[in-house]
Structures are given as C-alpha cells and as structure tokens.
Amino acid sequence: MTDKYTQFVNRGLGKDIAKKLGLSQPVVLRRHRPGQPLVQGPVLVQGAGSGADELAATLLSWNLDVRRHAVPREKLGAIILVLDEAARPEDLEKPVLSAAASLRDLAANARVVTVSRAAAGTTDPATAAARQGVDGLLRSLAKELRAGATGNGILLADGARTTSPSALGALRFFLSGRSAFVDGQFLTVSSEAGHLPADAEKPLAGKVAVVTGAARGIGAAIARTLYRDGATVVVVDIPAAGDHLAKVANEVHGTALQLDISREDAGQRIIDHAVERHGGLDILIHNAGITRDKLLANMDQGRWSSVIAVNIAAQLRINEALLASEHFRNSPRIVSVASTSGIAGNRGQTNYAASKGGVMGMVRATAPLLAAHGGSINAVAPGFIETEMTDRIPFATREVARRLNSLQQGGQPGDVAEAIAFLASDAAGGISGEVLRVCGQNLVGA
Amino acid sequence: MPENGTSATGPKDTTARAAGSAAAPQLRKAVVVGGNRIPFARTGGAYTKSSNQDMLTAALDGLIARFGLQDERIGEVAAGAVLKHSRDFNLTREAVLGSALSAETPAYDLQQACATGLETVLGLANKIKLGQIDSAIAGGVDSASDAPIAVSEGLREILLDLNRAKTLPQRLQVLSRLRPKDLAPDAPNTGEPRTGLSMGEHQALTTAQWKITREAQDELAYNSHRNLAAAYDAGFFDELLTPYRGLSKDSNLRPDTTLEKLAGLKPVFGKNLGAEATMTAGNSTPLTDGASTVLLASEDWADAHDLPKLATVLDGEAAAVDFVHGKDGLLMAPAFAVPRLLARHGLGFEDIDFFEIHEAFAGTVLSTLAAWEDEEFCRTRLGLDGALGSVDRAKLNVNGSSLAAGHPFAATGGRIVASLAKMLHAKGQVDGRPARGLISICAAGGQGVVAILEAH
Chain A
1 MTDKYTQFVN RGLGKDIAKK LGLSQPVVLR RHRPGQPLVQ GPVLVQGAGS GADELAATLL
61 SWNLDVRRHA VPREKLGAII LVLDEAARPE DLEKPVLSAA ASLRDLAANA RVVTVSRAAA
121 GTTDPATAAA RQGVDGLLRS LAKELRAGAT GNGILLADGA RTTSPSALGA LRFFLSGRSA
181 FVDGQFLTVS SEAGHLPADA EKPLAGKVAV VTGAARGIGA AIARTLYRDG ATVVVVDIPA
241 AGDHLAKVAN EVHGTALQLD ISREDAGQRI IDHAVERHGG LDILIHNAGI TRDKLLANMD
301 QGRWSSVIAV NIAAQLRINE ALLASEHFRN SPRIVSVAST SGIAGNRGQT NYAASKGGVM
361 GMVRATAPLL AAHGGSINAV APGFIETEMT DRIPFATREV ARRLNSLQQG GQPGDVAEAI
421 AFLASDAAGG ISGEVLRVCG QNLVGA
Chain B
1 MPENGTSATG PKDTTARAAG SAAAPQLRKA VVVGGNRIPF ARTGGAYTKS SNQDMLTAAL
61 DGLIARFGLQ DERIGEVAAG AVLKHSRDFN LTREAVLGSA LSAETPAYDL QQACATGLET
121 VLGLANKIKL GQIDSAIAGG VDSASDAPIA VSEGLREILL DLNRAKTLPQ RLQVLSRLRP
181 KDLAPDAPNT GEPRTGLSMG EHQALTTAQW KITREAQDEL AYNSHRNLAA AYDAGFFDEL
241 LTPYRGLSKD SNLRPDTTLE KLAGLKPVFG KNLGAEATMT AGNSTPLTDG ASTVLLASED
301 WADAHDLPKL ATVLDGEAAA VDFVHGKDGL LMAPAFAVPR LLARHGLGFE DIDFFEIHEA
361 FAGTVLSTLA AWEDEEFCRT RLGLDGALGS VDRAKLNVNG SSLAAGHPFA ATGGRIVASL
421 AKMLHAKGQV DGRPARGLIS ICAAGGQGVV AILEAH
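Protein sequence lines, in the order shown, are assigned to chains A and B.
Quick note: the first sequence, position 18, residue 18 per this note's numbering, numbers continuous.
Quick note: the second sequence, position 233, residue 233 per this note's numbering, numbers continuous.
FYI, nobody ran anything at the bench for these hints, they're computed from the structure.
Beta carbons: idealized from backbone N, C-alpha and C, even for Gly.
Heads up, some of the hints might be wrong.
[Unchecked claim] Partial chain A-side listing against chain B, Cβ under 10 Å, derived:
#1 34
#2 242
#3 245
#4 246
#5 320
[Claimed, not checked] Computed from the model, here is a short list of chain B residues facing chain A with C-beta under 7 Å:
#6 61
#7 66
#8 68
#9 98
#10 213
#11 234
#12 238
#13 242
#14 243
#15 244
#16 247
#17 248
#18 304
#19 306
Just chain A, same shape as in the assembly (with noise of 0.2 Å):
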C-alpha cells in the first residue's frame, strides 16, 4: 500500500493542489508484476566502444526498443550510460552530455543506469579519478530524476565485460520494476560467474530457499517473492511466531520451521529440514532480526547481548555450518538483510548497527569462502520500510522520515525482497560480498 499522502498527491485535486503549492510529489512506484515488460518504452544506451556496442547489441536481442542516438522529444524508458572505457575524467564529458539531452525525455518511472569499471581495479591515478568520478555523477543524477525515476549503477571488476552474465542480471534489475525503491546505488560485477535464468519469470525455478524471521513483514514479504519467481520456501520462525509462519507457509506452499536461530544447532536443523524435505539447499536468507534501542548511556546487558545474538552471532553460526555441509555446495547463495543504520548509524540504536554492520563485514569476509562453490554472499541494506515495525513510529517522526529519501516516499517490504530475489538468483552469481541499499537513495549515510 503505498502511504495516503502519496495517494493524494496522485489523484485530481490533491494533485493540482500539490502542484501550485510546489508541495513534494511522490508518485506512485512501477513495481514488478510478473508478465510485465523489463521497461517501459524505447532504451537509450549513450557512449562509444565495444562495451557500448554489445550491450546494444543484447538489449535489441531481449527485444527491447533500443536507440543509440536520441530521437528529440520521445518519452525514453531508460538510458544506459556506458562508460566503461573511461581513462581520464575528461573521457565523461561527451557521453554524459549527450545523456543530459535527453534527461526531460524521460518517462515516469524511468531509469538510469551507469556501466562503468570499479575504481579499485586501477593504479593509473587518471582512470581511478575518472572512475571514482562516476560515482559522484550517478548519485547526484539520481537526487536530480523526478516521477520515480532511479538512477543506479553497475561497476565492472577489471576483466568483467559489460555482457558479463551479472552486469546484464543488474541490468534487468535495475531496469525493473524489481529495483523500484534501488536509488543511487552501484553493484559491482566482480567475476564472470552466474548465468541468466531461462525463464525470466521464475528466475529461482528448482531452488530450495530458506527464510529466517519469515512470519510477517519483510520476512512474509521476502518469502512471497521467492515463491513467486520459482523456489521451494522453508520458512524459519521463533516457536512463537508459529502462528503467523504457518499463514505464511501455507500462503506460499512451502513448510514452517518453527526454530529459534539462535540456538546451538539452529543451522544443522536448518540443512536437515531441507535437505529431508525437499531434497537440498540452496539459497539461504538471513532476514531474522530484532530491536532493543537504547541510548548506549541507558544500555543494560540484555539489550545488547540480545541483539548480537540474534541478529549476527546467529548468523555466523548458521552460515559455519552451512559452509560445512556437503548440502551447500552446488552455487549457494547466502543474502542477508542489513540495515542503513549499520551504514549511517542511528541514535539509540549502538548495539543494533554494531550488529548490522557485523552483517556487512561478515558478508564481505565470507564471499571468498563460497566462492570455491560457485557461490555468492551479499546483503540488502533497506532504509525506511512501511512495516508493521515502522506503523509504530510516532506521526511526525515516521513522516518526516519516510520522505527523507530521492524518491520521497517509504518503501515497501516487497521492494527489499525483490533485490534479496535478484541476489539470490543465478543472474547475480558474479556479485559477491557486497551491500545494496534499498532505501529510495536515504539521504541519511550516502
């Protein structure tokens, strides 16, 4: 449900109101429907070399109505800047202008992406500068784009073509109605690992996945979504919850395990049940988490202890135990659910961040650890959420937040789990130890 301001702001007379009082105008975001086109209208794909060129030449082959030079006032579904033979930052200047022409040109809901090389992968202090200067042009576009339109990017590891199986699956990512509340992020395409899947609407077919803290919110959200694109659920829930997990469960025909994960055994119990039920294991979601804030001044052992337990003690514990077993080895796929708190920090919340941002050292250290198997480990950052959890924020504080971002609006529990989807795919197999935000470009910790 997207919130009653930007109801009002979309229809009749609260739009013309919205209008003369300058008043901000959310609109209402393109979202993934399955049988929904990738994008809506022609694609314009901006900048010179091979890179460029076979990118085209795959987008015409998805049957997508690509153009290489603008056609003056035709409403654009997306432009595709490409940037990746970049040696100085000069080298911007021409493809970046001539995608600024058409910037009016685009439609609600558009998109941006960049494709560019990751600053990292250089020694040359020219192409690092012109790298690096991406970065800056991409997440200052995005806070310029109107009408829902996003602006993200795809950052090629030295040897990462831009028809790499990743840099494509981000490019349909980020050119869906998947990466709806994806603003002003990058995702760095580091191997040429991962495939595309042969039926784009059920990229997950045969999979099994488990999810933690699955009986409601983001955890139901993430649950639904994996079902919807082909994956055997086990939804994962404290006894507690069973209630809620079993709607759940039987919402997306998959089976309840009610499990507290921070037990002992939690990940043994975990590769059992799916291993003894539906025959192995290959996706892993660590969405199970709670909140105890606390100014730290105020902060009692349980508070703190709770929440490391829970939300990264746990989780180290289940993916040591996963890394053991034999049931995880055929391309696994872990995704965590982190937290802009962990990133930007947030008052009153030391021990949850310290725990969120474990999750994102925790992933980046794993990564190599699966990569033996042809697997992948990341983690969804999302910012503010229209949750159960959110609803009990106070009004004015809830307002204020949830219109904090680019896209000025909250977002949905359907939008983490769609990019927790694509990373758990096999499109995004080239993607690994890395952090996505999904906070409509939270001006809140960059």
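With chain A's structure known, arrange chain B on it following the hints.
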C-alpha cells in the same frame, strides 16, 4: 498370558481374536508422520471466542504448514468434538474446506467421548493398513467456552408445534402453552445420563474404592506439571504445536507449582462419601479448549512426500464397563482394554518403554495402576493368573499429561499420539526391538480406548 475368554464374573468375551491377527502379513503399516495442535487453553481464557471449527481449522493449517500439504488431497480426515453444536454436523469437512488442503479431501466426524481423538487415529490407521487410503489426518477439538446451549424441552416442543401450525388461531393456541420456566436454557453438563453423577463424583467413588491417597494424587499432578514444563523448556513442542490467539503454551501449565501448593487446595469431589475427600482442582483436569491433529500415512506415501516416519500404529482395543450398576468405576475401562491388547501381541509391561495414561483425574491413573497391581482384581475381573504388574513410574507420562496440559476432550488423543510418536522416534531401538508406547484413554459412558505405537 491366558486368553480372556471367560472370566469369573465377566460376560463372555466375544472380542477375543487369534494372537497376531492384527499383524497379518497382507496388511501394510500405518505410520505417524507427525502432528500439530494448538496450545490448550483453560475454558473462559484465550479461546473464549473461538468455535470448534475455528480451532480445528487452525490445528489443520499448522499441520499443513509443517508438512507442506497445501492443496494436497488427503485420503481422509476424521475428527470430532464431544461438546458439539447441532450446526456442526459436518464439523471436520467444514474445517477441511476452510483449510489449505485440497477441497477434494473427504472427511467425517466421529464421537466417542474423550476417546474420540484416539479412535480417529485407530480407524484411519486401519484404513491405511487395509490399503483403502494412503494418507489421513486424525484429530479432535473441544470447546467448553463455546459450548452449545439448548432450549428447554418444553420450549423445543412448543417451537416444533408452532412450525407445524397452519393458521393464526392455531399458532396463538400453541404459544399460549409457553410458561416462564420454558425459557430457561438447557446448558450442557458432564454428568452421566444414567446415574446423574458428574464424572468427578464417579471418580471420587473409584478413588475411594482403591484407597488412593491425596498425597499420591498431588504427586502425580505435580509430576505432570514438572514434566510438561521441562518438555517446553527443551523445545519438545516446537514441532508439535503452533501458537494460536496469542497463546504459545498450554495455559493450564503451572511450572512453578509445588506439592505444598497442591496440598493446600480444598477438595471439590467426593465430599459426601463419608471417607476423606481427596480430589481437588489441582489433581483433576480443568475444562479446556483446544484442538489437535495427527498426520498418518502408508510408508510409501510418506516416502514419496519426503516426510518422516516417526512411529507405526501397531494396534488398538476398546473396552467398556458396567458402571451403572456399580460393578466397576466409570473410568476403569482401560484397565480391561490394556491386558487384552497386550495379550493379543504377547507383550507385558516390561516390553513397554512409554506409558501414556490420560490423566482425567490423578485418581483415574492411580486407580488403574492399583487395579493392575491387585491380584484379586486381575484374577477375578481380568481372568489372569495373578497381578498384571506394576507400571514403572519413570516411564509414565514423561512429558506431562492432561493434569498439566488440560483436557479438551476430543483433542487429547491427538495430543498424546503425536507426542508419543516423537518420543518413540527419538528413542529408536530398545534391546534390538523398536521402542514401544502404550496409550490409555478413559471416556464417559464407562468406555476406554487403548493403543500401542512402535518406533518406526
């Protein structure tokens, strides 16, 4: 052990069969895959506003979620309730239709007082053994909170006559028969229709007859609470129970109760017997609301669905006693059913690893145990050579029973079967044979149903 053909004082036993016939080679095994129940709630508590259909549907949906049975066409579902509204004539089928199962799953209701739940397990297990069905869900539900209240006999007759009346004068004439006393509702009670005595008063007679002490009853109640609390702490119920309406544990459970607290309670039954009254609210089960389900299957069906096989339903036996003429106590039928069942399989108490004797009242369990230890009773009433034997208390109701969990009449059988199956599976083999469990449930009307489960 002799066949219980004729006993000194009993009627001719026409139920005796050749030993081993229940395990005839052409029969398949019926296995317990698992179970699910909602926490049991004391009447007037968390489930006050829940109907039998609500609770049974919730228990079913939890089972479906646990085992991934969405849209599955189950061979048959059987369940029942003891306190039942007339509108719930198709209670189980309606619950199935409201659940996530395939709407093409057939269902029927069954009612055998407190033995309802266990009888659904036995009946469905037999169908599986015969090859009539491959999968089944047995269950039971009861609500004393949402109990049916009938209109008085007088008002009922007037209403029926009114319906038959054709003209206004006829209707007025019928209505003129109405008297204020006809408007008093007819609330259900647990009294025995043929004696007018409540179940508690009946048990008080038996408890006194077998000279069961207050201390022994309180100790049994104390152990029930202690064992059930420990089972919850160990996570035993994590895969047996799904929370409902904010409850995630049985609300009757008192983990912190003590023998002193139990000893301080005033007797509620048997106060007019002359002997010292020993039965209190602490050593008697309270009225309870709740529902339970058990998933049964053939081995092939369980394998094809990648589901666990916890235990096999070996066999069951029903018995009834003539309590009306005071020959035996109302709840003593299991004392007769158990030796018959054991004899059929050539088993003794030493072959049983878990005894699940339903705690309607502490006095019921203890009277039954005392009867089996009594040489006179076993010889004259059971037709045995001597005492049947003693039940090892360390094997009795080890994860608690009805005194702690509560007793929603028809739901108790499912609670016990699912819990016992899990215990047997964990125990596995004992001395080279599968672990064995005995279930004994007494029921109103002087009936009892007992069963043996074996670890798969």
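Each hint tested on the structure:
no., hint, verdict
1, 34, "violated, 19 Å"
2, 242, "holds, 4 Å"
3, 245, "holds, 7 Å"
4, 246, "holds, 4 Å"
5, 320, "violated, 21 Å"
6, 61, "holds, 5 Å"
7, 66, "holds, 6 Å"
8, 68, "holds, 4 Å"
9, 98, "violated, 12 Å"
10, 213, "violated, 38 Å"
11, 234, "violated, 11 Å"
12, 238, "holds, 5 Å"
13, 242, "holds, 4 Å"
14, 243, "holds, 5 Å"
15, 244, "holds, 6 Å"
16, 247, "violated, 9 Å"
17, 248, "holds, 4 Å"
18, 304, "violated, 13 Å"
19, 306, "holds, 5 Å"
In the structure shown, a violation is registered for the earlier hints numbered 1, 5, 9, 10, 11, 16, 18, in ascending order.
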